[in-house]
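Could you build the full structure based on these sequences and the hints that come with them?
Each protein sequence line maps, in turn, to chains A and B. Here the numbering used here is used: the first residue of the first sequence is 1, the next is one more, and so on. Here the numbering used here is used: the first residue of the second sequence is 217, the next is one more, and so on.
By construction, these hints were calculated from the structure, which means they are not laboratory data. We treat Cβ as the ideally placed atom computed from N, Cα and C, and that holds for glycine. Each hint should be verified, as a subset may be incorrect.
[As the list claims (entries may be wrong)] Below, in silico cross-link-like pairs of lysine-lysine (DSS-like), each with a Cα-Cα straight-line distance of 27 Å or less: (1) A:LYS46 / B:LYS352; (2) A:LYS136 / B:LYS262; (3) A:LYS136 / B:LYS352.
[Claimed, not checked] Label-pair restraints from in silico Cβ distances: (4) A:ARG187 / B:GLY301: 40 to 48 Å; (5) B:GLU427 / A:ASP159: 40 to 48 Å; (6) A:LEU121 / B:LEU336: 18 to 26 Å; (7) B:GLN263 / A:LEU121: 33 to 41 Å; (8) B:GLU427 / A:PRO84: 45 to 53 Å; (9) A:ALA204 / B:PRO250: 49 to 57 Å; (10) B:PRO400 / A:GLN47: 20 to 28 Å; (11) B:LEU336 / A:LEU39: 36 to 44 Å; (12) A:ASP159 / B:GLY281: 17 to 25 Å; (13) B:GLN263 / A:PRO48: 49 to 57 Å; (14) A:THR4 / B:ASP229: 36 to 44 Å; (15) B:ALA309 / A:GLY32: 22 to 30 Å; (16) B:ASP306 / A:GLY32: 22 to 30 Å.
[As the list claims (entries may be wrong)] Reference listing, derived: stretches of chain A covered by chain B, where coverage requires no fewer than 3 residues with Cβ under 8 Å from a Cβ of chain B: (17) 55 to 63; (18) 77 to 87; (19) 103 to 116; (20) 142 to 154.
Residues per chain, in single letters:
There are 2 protein chains.
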Amino acid sequence: MAITITAFEASPDRGRGLARDMRVRWALEEAGQPYDVRLLSFEALKQPAHLALNPFGQIPTYEDGDLALFETGSILLEIARHHPGLLPADPAARARAITWMFAAVSTVEPPILELQTLMLLERNEPWFEQRLPAVKDRIRPRLDQLTAHFGDADWLDGDFSAADIMMVHVIRRLGGSGLLDDYPTIRAYLARGEARPAWQRAFAAQLAVFEASQRG
Amino acid sequence: MAITITAFEASPDRGRGLARDMRVRWALEEAGQPYDVRLLSFEALKQPAHLALNPFGQIPTYEDGDLALFETGSILLEIARHHPGLLPADPAARARAITWMFAAVSTVEPPILELQTLMLLERNEPWFEQRLPAVKDRIRPRLDQLTAHFGDADWLDGDFSAADIMMVHVIRRLGGSGLLDDYPTIRAYLARGEARPAWQRAFAAQLAVFEASQRG
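Set out below in structure tokens:
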């Protein structure tokens with residue numbers, strides 16, 4: 001099985017592991033599955049060759065022979081179909097883990113994306129300073145609810161799973177916001193994720209891509 | 217199999233089928249699977265009994281014996297596991313349909329949620345009039361890309377699937393925005409979804425709940 005994913009040739013996050021290819025790299029490292037990476041410029045994302053793989057012109061994509069997928073949640077489910085250890089074998093536990101995969105992108109990420117949009121596109125608008133605390137306040141309930149859910153647990157539902165890959169990555173985007181200062185349980189959760197050897201290999205791989213891009 | 221879902225006892229959309237229980241009702245109707253509905257007040261959403269089912273205090277949830285799930289994408293995958301017709305049997309086609317389920321909530325819905333948040337929470341802010349066109353303009357690329365993807369196709373990927381349930385529901389939230397005026401391909405897609413007998417049964421069921429709530 002030869003797997004190819006796509007990633008930014010020069011990630012706008014400057015190698016901090018916030019681009020979504022990190023989720024797929026991490027899952028492939030957890031699975032012990034080697035993979036190739038095709039690096040794309042921003043221009044290449046808009047070209048027909050890439051739009052045929054992902055009509056929304058985003059990274060990452062996933063190719064395995066004739067199968068081409070996009071959306072990290074779907075890609076992780078496909079990797080989990082071929083490798084144990086990413087999702088529970090028990091159908092009920094598996095369904096619960098998939099619930100948390102959707103929760104990461106559908107319930108936790110949208111208010112985080114709204115903050116990201118504000119920081120990127122509205123920083124020079126006259127309302128920026130006034131909107132910033134309101135947008136942050138729309139994220140806090142999610143972090144409160146996650147904290148209550150975790151209690152003393154290490155992972156979202158029993159053992160580590162693809163759901164944790166999704167959730168850790170989604171929440172890491174808050175790193176520079178100061179929001180996590182008030183959430184020690186969530187910080188400890190991120191630290192557990194980042195301590196995994198597979199996370200570290202994935203992080204190093206995407207950082208190496210960014211660093212190579214800067215050497216021109 | 218006795219299935220119970222949760223829904224608003226008085227939906228804030230006034231029965232227009234925009235609350236997320238509509239996705240699950242539609243899927244259950246497509247599957248021919250009877251279900252019970254437990255109606256919840258806004259106050260009940262915050263109570264421990266409901267938070268045990270969904271830590272984020274949202275509807276819908278899904279209970280089947282000992283199994284409790286939330287997140288509509290996950291619930292639809294579970295329904296599809298028990299019933300043919302919601303996802304293709306072929307593993308590659310199935311993986312592509314799941315890609316589109318994630319695309320609905322992870323790529324198409326977030327900018328729509330941003331518009332919804334603006335309309336709900338920032339309507340009286342001094343920046344409302346100026347932000348409104350900018351927020352709408354962040355949705356247009358998704359509708360352009362979807363239009364290009366559809367071409368002459370009826371559904372997202374081959375036959376109708378759970379992905380279309382997710383996508384039709386996500387995009388229906390734009391109904392009052394005027395945005396769809398420029399997108400005949402998308403409007404025709406929504407109309408195809410709404411023409412399905414299962415959609416109509418699901419819509420009637422949620423509307424009946426809202427109408428009953430108004431009779432006190």
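Structure-based check of each hint:
1. A:LYS46 / B:LYS352: holds (21 Å)
2. A:LYS136 / B:LYS262: holds (21 Å)
3. A:LYS136 / B:LYS352: Satisfied, since the Cα-Cα distance of roughly 21 Å is no more than 27 Å.
4. A:ARG187 / B:GLY301: 40 to 48 Å: holds (45 Å)
5. B:GLU427 / A:ASP159: 40 to 48 Å: At roughly 46 Å between Cβ atoms, ASP159 (chain A) and GLU427 (chain B) fall inside 40 to 48 Å, so the hint holds.
6. A:LEU121 / B:LEU336: 18 to 26 Å: holds (20 Å)
7. B:GLN263 / A:LEU121: 33 to 41 Å: Distance hint for GLN263 (chain B), LEU121 (chain A) holds at roughly 38 Å.
8. B:GLU427 / A:PRO84: 45 to 53 Å: holds (50 Å)
9. A:ALA204 / B:PRO250: 49 to 57 Å: holds (52 Å)
10. B:PRO400 / A:GLN47: 20 to 28 Å: holds (26 Å)
11. B:LEU336 / A:LEU39: 36 to 44 Å: Since the Cβ atoms of LEU336 (chain B) and LEU39 (chain A) sit about 41 Å apart, the hinted range of 36 to 44 Å holds.
12. A:ASP159 / B:GLY281: 17 to 25 Å: holds (22 Å)
13. B:GLN263 / A:PRO48: 49 to 57 Å: holds (52 Å)
14. A:THR4 / B:ASP229: 36 to 44 Å: Holds, at about 43 Å.
15. B:ALA309 / A:GLY32: 22 to 30 Å: The hinted range 22 to 30 Å holds for ALA309 (chain B) and GLY32 (chain A), with Cβ atoms some 27 Å apart.
16. B:ASP306 / A:GLY32: 22 to 30 Å: holds (27 Å)
17. 55 to 63: Three-residue rule met by the region 55 to 63 of chain A, so holds; n is 4.
18. 77 to 87: holds (count 3)
19. 103 to 116: holds (count 8)
20. 142 to 154: holds (count 5)
Going through the hint list in order, the structure satisfies each hint without exception.
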